[in-house]
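Chemist: Residue-level listing of the chains:
4 protein chains.
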Amino acid sequence: MAFKRFQDFLGNLVKRQRKLFFAGNEKVSINELLEKLMGTVGEVSGIVTARQVLDHYSELDSESKFNFFKTLESDFNAEEGSVKEAYDNYSKNPSSSNLNLLSRVTEPKRHELLRRLNSTPDATHNLVSMRKDLLDYVKDYQKLKSVDDDFVRLFSSWFGRGFLVLQTINWSTSASILERIIRYEAVHEIKDWDDLRSRIEPRNRRCFAFFHPALIDEPLIFVEVALTKEIPKSIDSILEDKGGESFDPLEYTTATFYSISNCQPGLKNISFGNFLIKQVVQELQVEFPSITKFVTLSPVPNFQGWLNKISDDEEMKLSDLKQQIQQLDNTLESIEANGDLIEISVFNYLLKAKKGKYPLDPVARFHLGNGASIYQLNRSADLSEKGIRQSWGTMVNYLYDLNDIEENHERYATEGVIEYSEKLKTLLIKN
Amino acid sequence: MAFKRFQDFLGNLVKRQRKLFFAGNEKVSINELLEKLMGTVGEVSGIVTARQVLDHYSELDSESKFNFFKTLESDFNAEEGSVKEAYDNYSKNPSSSNLNLLSRVTEPKRHELLRRLNSTPDATHNLVSMRKDLLDYVKDYQKLKSVDDDFVRLFSSWFGRGFLVLQTINWSTSASILERIIRYEAVHEIKDWDDLRSRIEPRNRRCFAFFHPALIDEPLIFVEVALTKEIPKSIDSILEDKGGESFDPLEYTTATFYSISNCQPGLKNISFGNFLIKQVVQELQVEFPSITKFVTLSPVPNFQGWLNKISDDEEMKLSDLKQQIQQLDNTLESIEANGDLIEISVFNYLLKAKKGKYPLDPVARFHLGNGASIYQLNRSADLSEKGIRQSWGTMVNYLYDLNDIEENHERYATEGVIEYSEKLKTLLIKN
Amino acid sequence: MAFKRFQDFLGNLVKRQRKLFFAGNEKVSINELLEKLMGTVGEVSGIVTARQVLDHYSELDSESKFNFFKTLESDFNAEEGSVKEAYDNYSKNPSSSNLNLLSRVTEPKRHELLRRLNSTPDATHNLVSMRKDLLDYVKDYQKLKSVDDDFVRLFSSWFGRGFLVLQTINWSTSASILERIIRYEAVHEIKDWDDLRSRIEPRNRRCFAFFHPALIDEPLIFVEVALTKEIPKSIDSILEDKGGESFDPLEYTTATFYSISNCQPGLKNISFGNFLIKQVVQELQVEFPSITKFVTLSPVPNFQGWLNKISDDEEMKLSDLKQQIQQLDNTLESIEANGDLIEISVFNYLLKAKKGKYPLDPVARFHLGNGASIYQLNRSADLSEKGIRQSWGTMVNYLYDLNDIEENHERYATEGVIEYSEKLKTLLIKN
Amino acid sequence: MAFKRFQDFLGNLVKRQRKLFFAGNEKVSINELLEKLMGTVGEVSGIVTARQVLDHYSELDSESKFNFFKTLESDFNAEEGSVKEAYDNYSKNPSSSNLNLLSRVTEPKRHELLRRLNSTPDATHNLVSMRKDLLDYVKDYQKLKSVDDDFVRLFSSWFGRGFLVLQTINWSTSASILERIIRYEAVHEIKDWDDLRSRIEPRNRRCFAFFHPALIDEPLIFVEVALTKEIPKSIDSILEDKGGESFDPLEYTTATFYSISNCQPGLKNISFGNFLIKQVVQELQVEFPSITKFVTLSPVPNFQGWLNKISDDEEMKLSDLKQQIQQLDNTLESIEANGDLIEISVFNYLLKAKKGKYPLDPVARFHLGNGASIYQLNRSADLSEKGIRQSWGTMVNYLYDLNDIEENHERYATEGVIEYSEKLKTLLIKN
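Residue numbers (the working numbering), protein chains in the order written: chain P, 34 to 464; chain V, 34 to 464; chain U, 34 to 464; chain D, 34 to 464.
If you're looking for bench data, these hints aren't it; they were derived computationally from the structure. There's no promise every hint is true.
Copies of one chain are not kept apart here, so a pair can be met inside one copy or by any two copies together.
[Claimed, not checked] For lysine-lysine, the following BS3-like pairs were computed, each having C-alpha atoms within a straight-line distance of at most 30 Å:
hint : residue 1 : residue 2
1    : 326       : 172
2    : 390       : 69
3    : 301       : 142
4    : 125       : 178
5    : 103       : 117
6    : 463       : 266
7    : 390       : 142
8    : 103       : 125
Could you put together the complete structure from these sequences and hints?
Modeler: Written as structure tokens, this is what we have:
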């Protein structure tokens, strides 16, 4: 709620400023505006021009936006002469002050441009959504990668950990935020307000989100948690238990993170998730000392994709397994009948299918990279159409043990080592 | 108040985290810690190490701190080889991506170090106070200027305008913040809590401050305002009017900014003041539509210093004036008797005594740089010992007219032009 | 929001207290509990017993509840002996102290009982819902009227104007409260969350509610307002204008109260509505100085009922009118074609159909009793099935003119005088 | 803080309403105003008249106030005729409805008057201060006791437990409230803001207060608490320990309530204290599970007064003791040398000096009446001038053991039994 008031406060500020500053701005071209923005000395006129650029941008058609980004890429670099001069000085005498000078002149002008744009009220919203557009163009026009790099560098600084605010999301949260939670849920769709309520109001359900003071009412990432007496073995056992009636906080032993959603496509690669889970674990430990197991109930999104791809350098036995599964019917009966086969395949997929030294599966990569370990596989745990299509219904419990995550993380980060629980050992196939 | 709640929230978070993270840190040297911090992969261990560095630093003696900064200057630059390689690539092909690469490798490692330090709860406090120390060493050891540059670059980004929160300071503000207002008042000392109360509680007094979410309870800068029916001609008429009893908000026509104090020496050169005044002007316009004049009642701190200095290139008449004043007694009678002489001298000092193209007087520089103009000079306006010593009792009303400040600012910034009101023209001496 | 925090605070208090106080209460009969409650000396045990009574009550079946109320009626009166004695003293010497004594002993014991029940956390909720039950039994068993009288006397004191808190309801309000707004809307049904949003989020829509600190998250009464440039002539022009896009707060001239809903059946006859509207008028005047007309758009719920009833003492011409209307088809065409006839009838109904000296129509009684006047009748203003059934589609604008409401109210309250605007005069039929 | 916001909200409301309602009230006599107030039908005019009465009252001189109360006593009773009629009905048929009627007509008109006065914004402040005046007049003019009775009955209802809000007072509390804490401290004077800070900021100090939504910024009662490892034996060990530096919340075992102050003389006999302590005990138990002892460090204010009074029916040995003490010097040496004698006397005073069946000492009466027991006596525990004068420096630890307080309270309330700890038994003198 604290944050809510802060948002109100900022919101009013923004409204008032806009009213006072932005009367009668006749239209000029966006390039003229950019030029004006980089040339302005005055603070107030800078703010007005920044707002004009952002408003102008938002009304551009797709091609003009593309051109706008191309201009950023081509025209907002550094002055080659200054770079040469600074480098010559530095190469003669690599002192810290010569390095600083070099560092300043090599900073692409885009940085200053983005900073100036961000000085106008509510600009951060616009810039995050501008980058969302940019990401589309980058795919087809690699040169824009440089522009994106600059966004990433600035966003990483602005969205530093120290500025993120963890908020509980519950039935007392404002409708304005809840509406976004419904919209942004990316893993297990929230159908309507009643469905939302069943996820955040029962006493054995929790939801936490990160917010940032400059993005009013906008969650950055959120996680949904179920508090239970045992590790849940299927997603339906969570989504369909509306209960919590017989809840006694002292009896709960397990917190399951069953859905994590990033909300802002424009903040891609600015990572919040790893810290979110750790902070939530701490919050829950304080509130429920009886909870000792913190696990996820996670999908295996890339399993089927991996099955479909033939790989030359694969172990024989693994290729065999892949073939066997592909010949199965994807009926519930068949899935149930072939539980062992599927479980073994998924486990070996998680451990052996790689992208570089890390797992191919993005969800595995996220949690293992956070220092979690593979705790358990659950057959027929998600029998939705999507669940069957992705992973033949299998879901994974990743375990967050605060005692181990640092060590797990270091070994994973440096050597790619994946931790898993003792009992899973038998599933590992060996050639 | 919004902000207060936000602070509470953050404060609790910080406390909890510290308890959870920071048990049993045995002492190692600060250099070992720095090395560890730059080497850590894990997030949690990074946070712990950062806290250890900051705690360790705060216990160092002065010489060790000096050495710490020297280490930052000498050991946290860039890899010369990488810089050379990146530059060679860039000089062959100055593409945006090559520039970006060059820009990255030329970024001094100090930046990354400071960012990592700032990832631990409450670190911003420590870093601001670290820079306060640093500023002392820079004076004697110019090489540390590079280190300070890096602080400035990072602080400018973290304390961007979008993150500053304007708060009203009044008798309902928390004692914790008020106590700092007493301590930080730099212009007209606040003697005790009663004195404070007389400045913030009466209905014709206002006080506004900027805060930042990462510096809990710490004002960055604040301004004290008197609402009156006429432009006040002396500081005592403000400080000694405890009244406001017969206050009718509809009758007030003038808001006088009579004291502006920067609170954080560690944020020197990160400018907040220019925007503070403009935002306060807007706040007051909304609340009191009848107020049309926004002025300061400002000291002239360097006038006497200028009198004492002989300058070769000065106009004859000016030198004459200086001499005449220096021969005066600084008794109240003498000051009153020589009002014309003093007023003319101060005015010409403001306009003609320069540091580069800008005024020598720092207060004049501040307000004129904000786009204000010189509105009026007030004789015998500050007859305190300090007021007489600095400027023979003279104070200045600078005028903030929102219609003109942009244009004033641009002309001042580019050409050093100083605006003053028509009626002052006669005071200007000409050779 | 202020209130929200206050609610949070109280809510936590209640939860904590319950946990601490209410462990292991074995079941006893409700009459035993009542006896215990009236006999307890200790505060803590009193609180526990009160909670037990309330919990016990809520689990009773309908007959047992009836018996419970009968017990209240028969067993919680006064001691006749004491009354006689106090009266004898008083009749000999009607001093203020003898009156006070008499007043104390004649207070029904039910008062003390209700006060003791209300001392336990969250009891007010229970008591309000207890009275809701009671109102059902009163209909069939008039003796319980005495019990209800006692509820009314206590509720009037507890829900005094000084304790009511006006809150804006908007899209930032908590889902918990919004959900109740949907549920409690009694005039124009809110279909779902999207419908709700269209009533509270657009900039030309407002919603205000009264809350009470002891009824957490429970609105007592709320009013929905549309801000427009003209007085709206039909309810659809309000409910279907999702817009507000081209909103300029300076252009709006009219605030229309188009729906007022009492939320708590258990607070029947504790009046909040008259003050709500006046306070909202003031809020809106401050925010929108350009709004000068405050009107309702109200249904005429009893018109058809009045048509159906034959009354002997009616003016001839009025009876004629009634007959003519009853012979109409209630098709849209017919309603439109007979607009004059319907309008005249409704107007004369409002002015002449009486219950005592006041209007028969409850909505007219409410607004005229508040000091409003009849400003305008709108034909075909509510063509919903309900609108046609009640009043042949006619709606009324009652006008709240703060300059007149006091005088209007006094004349209405003392003499039953109904004010209406000049232009309606021609509609008045005279024999 | 929640409450703070609520206060802000209410405060704004009040200000706005006053501005809107109260323009141009010409002066009339207070009796005319009272008449008008009782006669008004309209709500708004009632509110204005109420405000006029209250403002008029506050400007009366002492004699006029006295007359005002006399008028209340003589002219605002009941209509004797109506009372007779209602009583006759009741005596014929003592039904609940006849009782209710009788109860209504016997209610002194003062009740309705006070309720109407309280309907105007901020009236509760005025009424509380009105009663403060009244209490002065009651002493000399017993008839006014009836008027006071009416205040007490209404205040008891308005200040019911359900409306009291417990707030922590600390260094983040608003100066406006802290200033009142300084002013209202009644036991151990707070000298200035630094002294205040030393009582509320250290981590081993707490302060809690009750507030009421209708009395903005006004604490009703507050208690100061010290958290320690042992039961403190002297008040200086608390007041002079500014420390708390080496605080580890896990080590503390004892919470000592060393000062309880009622803030509102106008709320005399409306009891808050007993519940305050119990609620604070609960708050502390939740925050510090290691604290198991909740004691007071209390003065013995009436001991010396008792010594000075000769009582015929006293036990011989007790009279002896009294005489012995009275012959002592009140020098520190003498007090120390006669520690046993003083301790025995104080203990026997607490147990045997009575007012009715309860202890003569008001502090003992308060805590024992709450269900506390006498835990320990501390010699030379308050060697201030006041401490020596009152009780020869002795202070008492009363123990609040939540397991026993109910039973203690019941035995005390019904039989006057005083509980004390086993080890004190030897101090009891027997004839």
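Chemist: Compare the structure with each hint and give your call.
Modeler: Do the hints match the structure? See the list:
1. In this homomeric assembly, residue 326 and residue 172 never come within 30 Å of each other (Cα to Cα): the closest approach is 41 Å inside a single copy and 55 Å across copies.
2. Only between protomers do residue 390 and residue 69 lie at most 30 Å apart by alpha-carbon distance; the minimum there is 24 Å, versus 48 Å within a single protomer.
3. Taking identical chains as interchangeable, the C-alpha atoms of residue 301 and residue 142 lie at most 30 Å apart whether they share a chain (22 Å) or sit on different chains (25 Å).
4. In this homomeric assembly, residue 125 and residue 178 come within 30 Å of each other (Cα to Cα) only across copies, at 20 Å, whereas the closest approach inside a single copy is 32 Å.
5. Taking the shortest Cα distances, residue 103 and residue 117 sit within 30 Å of each other both inside one copy (24 Å) and across copies (28 Å).
6. With identical chains, the CA atoms of residue 463 and residue 266 are at most 30 Å apart within one copy only, with a shortest distance of 27 Å there and 73 Å across copies.
7. Taking the closest pair of Cα atoms, residue 390 and residue 142 come within 30 Å of each other only across two copies (27 Å); inside a single copy the shortest separation is 36 Å, beyond that limit.
8. Proximity of residue 103 to residue 125 under the C-alpha cut-off of 30 Å is restricted to the inter-copy arrangement: shortest distance 21 Å between copies versus 35 Å within a copy.
Hint compliance for this structure: hint 1 is the single one not met.
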